[in-house]
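In full-length UniProt numbering, the protein residues as written are 1 to 109.
Think of the hints as simulated: they come from the structure by calculation, not from any bench. Keep in mind that a hint or two might mislead.
Subject to a maximum C-alpha distance of 35 Å in a straight line, what follows is the list of computed DSBU-like cross-link-like pairs (lysine-lysine) [stated by the list, open to error]:
id, residue 1, residue 2
1, LYS109, LYS14
2, LYS34, LYS109
3, LYS34, LYS45
4, LYS45, LYS12
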Amino acid sequence: METLLWKDAREKIKKGVNFVEFAAPWCPDCVMMKPVIEQVEQEIKNLNLPVNFYHVNADESGMFRKADAEVAVLRIPTHYIVKDGKQVFIGYEYFPKHILVEKIKELFK
């Protein structure tokens, strides 16, 4: 998973399917989700699905807990799936691997 500033990620997610995780190093749930997200990324790669995975520091993004932000990063981790620049899914905190994998696979049906 590539770590980016939000200003850079914003440009990269304009095309294709992209998974962006907003997290912070001080967040216990973010630390707990890290290996789960790594497993999601590996499973998607094994399926040969063209998905980009990005990590954005929620604090540095300037969007954490700001209701009027470009992305509603109200809790962390925030799992943000985008297709061709448009949000198709947003989820908060802990998510089981199989749900995230299914959300991504649905975009290729």
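Q.
Need the status of pair LYS34, LYS45: alpha-carbon distance at most 35 Å?
A. 17 Å, holds
Q: Would you check the hint for LYS109 and LYS14, treating anything up to 35 Å between C-alpha atoms as holding?
A: 20 Å, holds
Q. Is the straight-line distance between the alpha-carbon of LYS34 and that of LYS109 35 Å or less?
A. 27 Å, holds
Q. Keeping to a limit of 35 Å between CA atoms, is the pair of LYS45 and LYS12 held or broken?
A. 18 Å, holds
This entry satisfies every hint, going by the numbered hints stated previously.
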